[in-house]
Structures are given as structure tokens and as C-alpha cells.
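Assemble the whole structure, with the sequences as input and the hints as a guide.
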Amino acid sequence: MTLTLSPASPPPASLQPQGWLRYLSFSTDHKVIGLQYLVCGFLFYLVGGALAGAIRTELLTPISDFLPRETYNEVLTLHGTVMIFLWIVPVVNGAFGNYLIPFYVGARDMAFPRLNAVAFWLIPPAGLLLISSYFIASAAQSGWTAYPPLSLTTPATGQIIWILSVLLLGGSSIFGGINFIATILKLRRPGLKLMQLPMYCWAMLGTSILVVLSTPVLAGTLVLLSFDIIAHTGFFNPSLGGNAVVYQHLFWFYSHPAVYIMVLPAFGLVSEILPVHARKPLFGYTTMVYSIMGIVFLGLIVWAHHMFTSGTPPWMRLFFTIATSFIAVPTGIKFFNWLATLWGGKIALNSAMLFSCGFIFNFVFGGITGVALAQVPFDIHVHDTYFVVGHFHYIVYGGTVFVIFASIYHWYPKVTGRLLNEPLGQLHFLLTFIGFNLCFAPQHWMGLNGMPRRVAEYDPQFELINQVSSVGALLMAISTLPFLINVVLSAYRGAPAGDNPWNALTPEWLTTSPPPVENWHGEPPLVEEPYGYGVEPGELSLAATSGREIWAVGDPDRKP
Amino acid sequence: MRIPAAILTLLAGMALVLTGLWVGQNINLLPEDASLNAPVYDELFKVLFSIGTILLIGIAGLIVYSLVRFRRVNGDHGDGVAIEGNLPLEILWTAIPAIVVLFVGIYSYDIYERMGGMAPLNDHSMHAMHGDAAEGRTWAGISPVAQGADASEPTLPVEVTAMQFAFIFHYPEADITSGELHVPVGQPVALTMKANDVIHAFWVPQFRLKQDIIPGQPTLLSFTATKAGRYPIVCAELCGPYHGGMRSTVIVDEPQTFADWVAQNSPAPAPAAPTAIQS
Numbered sequence: 001m002t003l004t005l006s007p008a009s010p011p012p013a014s015l016q017p018q019g020w021l022r023y024l025s026f027s028t029d030h031k032v033i034g035l036q037y038l039v040c041g042f043l044f045y046l047v048g049g050a051l052a053g054a055i056r057t058e059l060l061t062p063i064s065d066f067l068p069r070e071t072y073n074e075v076l077t078l079h080g081t082v083m084i085f086l087w088i089v090p091v092v093n094g095a096f097g098n099y100l101i102p103f104y105v106g107a108r109d110m111a112f113p114r115l116n117a118v119a120f121w122l123i124p125p126a127g128l129l130l131i132s133s134y135f136i137a138s139a140a141q142s143g144w145t146a147y148p149p150l151s152l153t154t155p156a157t158g159q160i161i162w163i164l165s166v167l168l169l170g171g172s173s174i175f176g177g178i179n180f181i182a183t184i185l186k187l188r189r190p191g192l193k194l195m196q197l198p199m200y201c202w203a204m205l206g207t208s209i210l211v212v213l214s215t216p217v218l219a220g221t222l223v224l225l226s227f228d229i230i231a232h233t234g235f236f237n238p239s240l241g242g243n244a245v246v247y248q249h250l251f252w253f254y255s256h257p258a259v260y261i262m263v264l265p266a267f268g269l270v271s272e273i274l275p276v277h278a279r280k281p282l283f284g285y286t287t288m289v290y291s292i293m294g295i296v297f298l299g300l301i302v303w304a305h306h307m308f309t310s311g312t313p314p315w316m317r318l319f320f321t322i323a324t325s326f327i328a329v330p331t332g333i334k335f336f337n338w339l340a341t342l343w344g345g346k347i348a349l350n351s352a353m354l355f356s357c358g359f360i361f362n363f364v365f366g367g368i369t370g371v372a373l374a375q376v377p378f379d380i381h382v383h384d385t386y387f388v389v390g391h392f393h394y395i396v397y398g399g400t401v402f403v404i405f406a407s408i409y410h411w412y413p414k415v416t417g418r419l420l421n422e423p424l425g426q427l428h429f430l431l432t433f434i435g436f437n438l439c440f441a442p443q444h445w446m447g448l449n450g451m452p453r454r455v456a457e458y459d460p461q462f463e464l465i466n467q468v469s470s471v472g473a474l475l476m477a478i479s480t481l482p483f484l485i486n487v488v489l490s491a492y493r494g495a496p497a498g499d500n501p502w503n504a505l506t507p508e509w510l511t512t513s514p515p516p517v518e519n520w521h522g523e524p525p526l527v528e529e530p531y532g533y534g535v536e537p538g539e540l541s542l543a544a545t546s547g548r549e550i551w552a553v554g555d556p557d558r559k560p
Numbered sequence: 001m002r003i004p005a006a007i008l009t010l011l012a013g014m015a016l017v018l019t020g021l022w023v024g025q026n027i028n029l030l031p032e033d034a035s036l037n038a039p040v041y042d043e044l045f046k047v048l049f050s051i052g053t054i055l056l057i058g059i060a061g062l063i064v065y066s067l068v069r070f071r072r073v074n075g076d077h078g079d080g081v082a083i084e085g086n087l088p089l090e091i092l093w094t095a096i097p098a099i100v101v102l103f104v105g106i107y108s109y110d111i112y113e114r115m116g117g118m119a120p121l122n123d124h125s126m127h128a129m130h131g132d133a134a135e136g137r138t139w140a141g142i143s144p145v146a147q148g149a150d151a152s153e154p155t156l157p158v159e160v161t162a163m164q165f166a167f168i169f170h171y172p173e174a175d176i177t178s179g180e181l182h183v184p185v186g187q188p189v190a191l192t193m194k195a196n197d198v199i200h201a202f203w204v205p206q207f208r209l210k211q212d213i214i215p216g217q218p219t220l221l222s223f224t225a226t227k228a229g230r231y232p233i234v235c236a237e238l239c240g241p242y243h244g245g246m247r248s249t250v251i252v253d254e255p256q257t258f259a260d261w262v263a264q265n266s267p268a269p270a271p272a273a274p275t276a277i278q279s
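Residue numbers (our numbering), protein chains in the order written: chain A, 1 to 560; chain B, 1 to 279.
Worth flagging that the hints you see were computed from the coordinates, not collected in a lab. Just so you know, these numbers come straight off a predicted model, no measurement behind them. Beta carbons: idealized from backbone N, C-alpha and C, even for Gly. Some hints here could point you the wrong way.
[To be verified] Calculated Cβ distances over 12 Å to all of chain B for the following chain A residues: (1) Phe42; (2) Leu129; (3) Ile131; (4) Ile178; (5) Ser239.
[Unchecked claim] Partial selection, computed: residues in chain A whose CB lies under 10 Å from chain B: (6) Ser64; (7) Pro330; (8) Asn337; (9) Leu339; (10) Phe365; (11) His521; (12) Gly522; (13) Glu523; (14) Val535.
Here's what the structure looks like:
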């Protein structure tokens with residue numbers, strides 16, 4: 001992959017489509033694949049958002065009057081599955097991982113480009129399969145958790161299609177994970193040390209380890225579940241001597257790490273964005289790395305905190321309480337480090353920065369309720385209620401989706417060569433932030449006071465608060481408009497960005513915007529200090545020019 | 001002359017802690033408490049709420065302060081200070097959260113023990129009398145009775161069957177079957193719960209109690225109601241299309257009223273219809 005093309009000879013006429021058509025092709029270019037993931041994920045985000053809109057419309061009134069009851073359960077199942085497996089996981093991993101990781105390690109592509117394309121092309125069919133299940137028969141109705149025996153008794157066709165689709169998406173995720181691990185560990189530019197990698201590489205390394213260790217468990221579990229449905233085996237069917245709780249253990253062995261699969265890459269992306277726009281080095285690089293690895297380790301041994309009311313033995317509850325609480329420590333380190341990164345910087349209040357700060361606030365909120373939920377006695381009251389719904393939306397939407405938007409504002413100039421419109425971006429942030437908090441903060445109160453999750457009808461005392469929450473959801477839906485307008489219009493009319501509009505030091509900015517097919521003309525740069533911003537404390541001068549000259553661009557002497 | 005920053009920081013910190021404590025003690029987000037468990041739970045909630053408020057306001061304050069104080073002035077293209085880390089500081093903010101979560105963990109363990117959650121599993125002495133010893137294994141939920149073990153107050157056994165989409169309560173001693181749960185104030189109640197179709201969950205928000213009812217695993221849940229009234233019983237685990245309608249009521253009576261109810265219903269076992277499903 002690191003062979004240099006002779007720049008003189010133009011590439012021979014390719015069988016691969018050129019221009020925009022390559023985004024619909026089996027391209028092996030990591031940047032094309034990254035954008036394929038991003039756009040495909042965003043389309044599914046719109047689908048999942050429409051499903052969320054249906055849920056919030058149903059919940060405007062305490063009675064079940066908008067959707068048929070079965071359809072409501074199909075909608076909530078599809079909403080969860082689409083948002084997790086088709087939007088967040090593919091975008092924070094696949095999209096940004098593919099686009100950025102080869103740049104960060106100084107490679108011209110991913111380690112396995114064809115596997116990479118296969119991993120992406122599993123997603124659209126799987127997604128269409130999942131959504132079409134609604135039209136073919138009926139979609140799965142047992143929630144994204146698909147707990148048996150419910151998932152064994154709901155209509156089988158929809159459940160089987162759901163399993164197939166999740167298996168395909170899990171396969172895609174594993175292919176991606178293997179590829180990232182190989183690329184980060186083996187494709188680094190000679191001379192680039194592990195501890196010089198941008199933080200996103202570490203986040204993706206940790207995430208990919210989680211993906212590779214835990215996704216196969218989900219796949220195995222779902223295969224067993226499908227046997228129970230099709231072949232009437234009794235793995236999880238109590239009436240045939242099976243055990244329903246075993247499924248929960250196996251399911252959460254993947255699905256709790258899945259939370260970290262969704263947030264660790266977001267942590268990595270924020271670690272890239274904050275130093276650039278605060279003009280300061282990332283605070284505490286080494287502790288950030290160790291805290292990622294700590295989260296990976298702890299993330300694998302906390303799954304049973306989803307099962308505190310499932311009749312788990314007391315010792316297990318105690319162990320998982322302590323283990324879960326302790327995840328707050330490495331996570332806390334990261335948040336304090338980001339705050340310290342902001343402290344004393346010269347902060348540009350642009351959309352990328354605002355979304356990143358919105359992420360910090362939302363995630364801290366979700367983290368606090370998370371530590372509370374880890375406490376068994378606390379959890380026993382609010383488990384499976386809207387408190388939990390509020391909590392995990394603060395983590396995955398307030399956390400990850402805010403970071404996805406921050407990242408789009410940050411890297412759009414690199415991808416297109418044009419800047420996004422700032423006022424529209426700030427409007428987008430304002431609407432999203434207000435809408436999000438209006439939608440999900442009141443849900444904590446509803447959960448504490450007796451509203452269970454996944455219901456189409458509820459106690460009339462929650463009507464007003466549910467309507468407030470739905471107004472928030474409407475604002476979130478509206479907030480997508482300025483974003484879409486911005487992204488489309490700026491692609492044609494945006495101000496030219498130049499190669500490095502943020503004066504950033506990480507390697508993706510040390511090439512043209514958009515970058516050439518193999519990322520750099522000439523040698524990849526050796527970036528030993530990706531966060532080398534700032535003036536030394538002693539020589540603080542306001543007139544200092546940006547960035548220390550610390551990278552060696554295309555140093556030909558380094559190549560043996 | 002300016003006030004030194006250290007003093008301002010100290011004052012801000014004190015104000016923050018006081019605000020957190022005040023919020024935790026004075027803002028009530030919880031429903032009425034009506035069981036022996038509930039006040040214990042509320043105690044934990046207040047502590048967590050205070051800590052959470054302090055953290056959230058503190059961090060939000062830091063973000064807003066940083067964004068305002070360190071915002072880039074127009075025309076300034078310089079960099080911030082090149083501080084790449086501070087090991088003592090990092091050790092400090094690793095140690096403080098570690099101590100806080102350890103404290104919270106131990107405290108919640110203590111709370112859990114006071115709620116009776118650490119009662120050993122397979123405690124056959126407890127449920128043998130309910131006649132389900134043949135089931136082999138009963139999974140414990142929270143069971144304060146196990147801790148108290150007070151012979152003075154006999155427990156009231158009730159058998160709960162959860163099904164799509166209703167709860168049915170059977171009183172083995174009086175041979176009453178009811179769609180609503182009637183219990184007396186002050187007497188421990190031991191629910192033996194089973195489900196035959198899918199997983200359900202028994203939740204009474206005012207009791208701060210929840211337990212999944214899992215097919216194939218009879219579960220024990222005990223509580224002592226402390227306030228007369230009617231409280232909702234909510235199914236909290238997705239159990240099918242009418243999950244939201246799977247609700248019932250627990251009616252906590254004064255002991256005399258409860259005895260009257262038992263007397264009225266027990267001689268002629270007239271099984272009340274299971275809670276109707278609302279459409």
C-alpha cells in the first residue's frame with residue numbers, strides 16, 4: 001500500500017466509475033468508503049428519526065390512538081435497531097474511521113481495501129432488508145433487545161428478518177474492526193510511534209477490540225434465537241426447558257460494549273476537534289490513552305447491570321454495581337482533560353466547538369444518571385422506565401450524535417474543499433441543543449414517577465410532560481433542515497476552504513482539500529506531535545503566529 | 001486591588017456544594033413513598049441527586065466560563081498556552097472520582113442491604129411454606145422480610161401470576177383470587193411471582209420496587225406497605241402489543257378494612273375478573 005506511484009504517468013483508464021458515480025460503486029478508496037458510510041448512515045438516520053417522530057406523536061395522548069398497537073411495537077423496534085446498527089455504529093466507526101485512520105497512520109489506504117468495501121456494501125442491503133420486513137410481513141415487535149420468550153411468540157417472519165439483518169450488520173462491523181486494528185498496528189508510516197498517534201486512532205483501536213471480542217457473541221446468540229424460532233429448539237424457551245435469562249446475559253455481553261462502540265470513537269473525534277479550535281495541545285495525552293484502554297476493559301465486565309431486576313444473584317449485582325461505577329473514573333479523566341484542554345486556550349466559538357461542548361454537557365448529564373443507574377437499589381425503581389430512555393439518549397444522542405455533527409462541521413472543508421455556513425451551523429446547534437434537552441430531560445422525571453418504557457398508552461398524569469417532550473422532538477426534527485440546506489448549498493456555494501482552514505496539525509490537513517486518491521502527492525508527512533499547538537508558557541506573546549513548526553513534510557531522507 | 005483568584009474559586013466551590021446539597025434535599029422528583037423500602041431509597045436518591053447536581057453545574061459552569069473567558073478575539077490568530085499535561089492534577093482528578101464512586105458504591109450497598117436485597121438465594125426456609133418448593137429454585141428479588149425475620153408479624157403470602165396482559169393475585173390462606181392486590185398497612189407481604197407466557201415485570205413506583213417475572217423462574221418479592229391508599233401496579237417489561245395497558249392497582253388498607261375485605265371475599269371464592277385490558 002505504501003508503494004509510490006510514479007507521478008508522471010496518469011492512471012490508466014479505469015473500469016471503476018469516476019466522478020460522483022464512484023460513490024455508488026464498489027470503490028476501494030477509504031475516503032470514498034468513508035463518505036459512503038456517512039451518507040448511507042445519514043439516510044438511515046432520517047428513517048430512524050421519522051420512526052421516532054411516530055413514537056412521539058403516539059405519546060402525545062395517554063391512549064393508544066395514532067398507530068395500531070402491533071405497529072407501535074414494530075416502530076419502536078425498528079427505531080432502536082436503525083439508529084444503533086445503521087446510523088451510529090456505521091458512522092462513528094465506519095465513516096470517520098475509514099476517512100481518517102489511514103491519514104492518521106500515514107497510509108494510503110486501509111489494510112484490506114476490498115474487505116473494507118465488502119463491509120460497507122453489507123450495510124445497505126441489511127438496512128433495506130430490515131425496513132422492508134415491515135412491508136413484507138410485519139417487522140419485529142420485541143424491541144431491539146429481542147428478549148425471548150416474547151421474540152419467540154411474536155410473528156416469526158419479522159423476527160427472522162431482523163436477526164438476518166443484524167447478523168449482516170454485525171458481520172460488517174467485525175470486518176471493519178479487523179481492518180482498523182490491522183491498519184493502526186501494521187500500516188503506520190515508518191518512524192511514527194504508537195504514542196504519537198492522534199487520539200482517534202487509540203479510540204478506534206479500543207473500539208475495534210471491543211467489536212472483535214463482543215460482536216461474535218451477539219451473532220452466536222441470535223443464531224441460537226433463530227433456531228428457537230425456526231426449528232423450535234429450546235435454548236431460550238422456558239417451556240422447552242430453556243432459560244430466558246441466559247439470552248439476556250449473552251445479548252448484553254455484546255450490547256453493553258456496544259455503548260462504548262458508539263461513544264469511544266466519539267471521544268476520539270472530540271479529542272481531535274477540541275485542540276484545533278481551542279489552539280492548545282490535547283491535555284494529558286498519555287492518561288487519555290490509558291483511560292480508553294481502561295474503558296475497554298471495564299466495558300467488557302459490566303453487562304449484567306442491565307439485568308438487576310432479572311433475578312440475578314446478589315453477589316453478581318454487587319460486582320456489576322462496583323464495576324459499572326468504576327467506568328466513571330476513566331471516563332471522568334477524559335472529560336477533565338477536555339476541560340483542561342479548553343482552559344487557557346483561544347477558543348473559536350464555531351459550530352464544531354459548540355457541538356463538542358454540547359456533547360460534553362450532555363454526556364456528563366448522561367454519565368451522572370448512568371452512575372446512579374449502576375446502583376442496584378436505584379436501578380430497581382427506574383429500570384425499564386423513561387428514566388432509562390432519557391439516560392441512554394443523553395449518551396447516544398447527546399453524546400455521539402452531537403459529536404457526529406461537530407465532526408461534520410470540522411471535516412467538511414477537508415472533504416469538499418469548501419466551508420460550511422457558520423450562522424446556519426450555529427442555528428442548527430441551537431435548535432438541536434434546545435430540542436434535545438426539551439425532549440429527553442423531562443423523561444427522567446416521568447420514569448421516576450411511574451412511566452414504563454415501550455408503552456403506547458400511559459397514566460394521564462404524564463400527558464403534559466409527554467407533550468413537552470414531543471415538542472422537543474419536533475424541534476430536533478426541524479433542526480435537521482438548516483443542516484441539510486447548509487451541507488447541500490455549501491457544497492456548491494460555500495467559501496473555498498483551502499487545504500487547512502483551521503491551521504490544524506494532524507496529517508489529514510497536510511494535503512489538498514479534497515485529498516488526492518492516495519492521500520498525499522509524495523511522501524506521507526511524519527507528524528510526531530499531532531497536538532503541538534500553543535506557545536510555551538514562558539514566552540506568551542499575543543502576536544505569536546499559529547502552530548509550532550514541528551512536522552516534517554515529505555522528508556525523503558527518512559525513507560530507508 | 002483585585003480579590004485573589006484562589007479566594008473566588010473557593011467561594012464558588014462552596015456555593016456550588018451548598019447549591020447541590022440544597023437541591024438534593026429540597027427538590028423532590030419522586031412520587032409518594034408508601035413502603036418501608038421507599039424512604040431508604042429516597043435517602044440514596046437525595047445523596048445521588050446532590051452529587052449529580054454539584055458535578056453537572058460545576059462542569060457546565062466550567063465550560064461556559066471557558067467559552068466566554070477564553071474565546072478568540074477577532075483578529076487574534078495566536079495559540080493558547082502549550083500545556084500538555086499536569087500529572088499531579090491528573091492524579092487528583094482520578095482519585096477524587098474514584099473515591100466518590102467507591103463511597104457511592106459502598107453506600108448503595110448499605111442501602112441495598114437495608115432494603116433486604118442481599119438476602120441469599122435459594123432460601124428454602126422462606127418460601128417452602130408457599131408450596132412451590134417443588135419448583136426447585138426461587139429467585140429472590142428485594143425481600144426486606146428476610147432481613148427482619150420478625151416472628152411477631154406474620155407475613156401475608158400472595159401468589160402472583162403475570163400473563164399477557166394482566167396480573168392475577170391469589171391469596172392461598174384465604175383462597176381469594178383477585179385482579180387487584182389488597183394488602184394491609186404494616187404487615188409484610190411476600191409475593192411469589194410466576195409468568196407462563198413471556199417476561200413481565202411487577203413495579204409499584206410508590207414502593208420503589210420492581211422485579212421481573214420470568215417464565216420458568218418463580219420469583220419472590222417482599223414488601224411492607226406503610227400508607228393506606230391506591231397505587232398503580234405497572235408492567236415494566238415489554239410483553240406484547242398491550243404492554244402499556246397491563247396495569248393493576250395495589251390497594252393498601254388499614255388492617256381492619258383489609259380483614260373485612262378478606263372476610264367478604266373468602267367464604268365464597270368469587271374470582272374477580274382479571275384486570276380488563278383497556279383498549
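Report task. Would you settle whether the hint for Asn337(A) is holds or violated, based on the nearest Cβ-Cβ distance to chain B being less than 10 Å? Result -> holds (8 Å)
Report task. Hold the hint about Leu339(A) up to the distance rule: shortest CB distance to chain B must be less than 10 Å. Result -> holds (5 Å)
Query raised in the report: Taking 10 Å as the limit, does the beta-carbon of Pro330(A) come near enough to a beta-carbon in chain B?
Result: holds (8 Å)
Query raised in the report: With d taken as the least Cβ-Cβ distance between Phe42(A) and chain B, does d exceed 12 Å?
Result: Phe42(A) is indeed farther than 12 Å from all Cβ atoms of chain B, at 27 Å.
Query raised in the report: Can the hint on Ser64(A) be confirmed by a CB-to-CB distance to chain B that is less than 10 Å?
Result: Constraint on Ser64(A) satisfied, holds at 7 Å.
Report task. Taking the shortest Cβ-to-Cβ distance between Leu129(A) and chain B, state whether it exceeds 12 Å. Result -> holds (23 Å)
Requested in this report: Run the C-beta distances from Ile131(A) to all of chain B and say if the shortest one exceeds 12 Å.
Outcome: holds (21 Å)
Report task. Measuring Cβ to Cβ, find out whether Ile178(A) lies farther than 12 Å from everything in chain B. Result -> Ile178(A) is indeed farther than 12 Å from all Cβ atoms of chain B, at 32 Å.
Report task. Quick one: work out the minimum CB distance from Ser239(A) to chain B and report holds if it exceeds 12 Å, violated otherwise. Result -> violated (7 Å)
Requested in this report: Would you settle whether the hint for Val535(A) is holds or violated, based on the nearest Cβ-Cβ distance to chain B being less than 10 Å?
Outcome: With Cβ-Cβ at 5 Å, under 10 Å, it holds.
Report task. Hold the hint about Gly522(A) up to the distance rule: shortest CB distance to chain B must be less than 10 Å. Result -> violated (27 Å)
Query raised in the report: Can the hint on Glu523(A) be confirmed by a CB-to-CB distance to chain B that is less than 10 Å?
Result: violated (27 Å)
When the structure is compared with the earlier hints, violations turn up for hints 5, 11, 12 and 13 and for no others.
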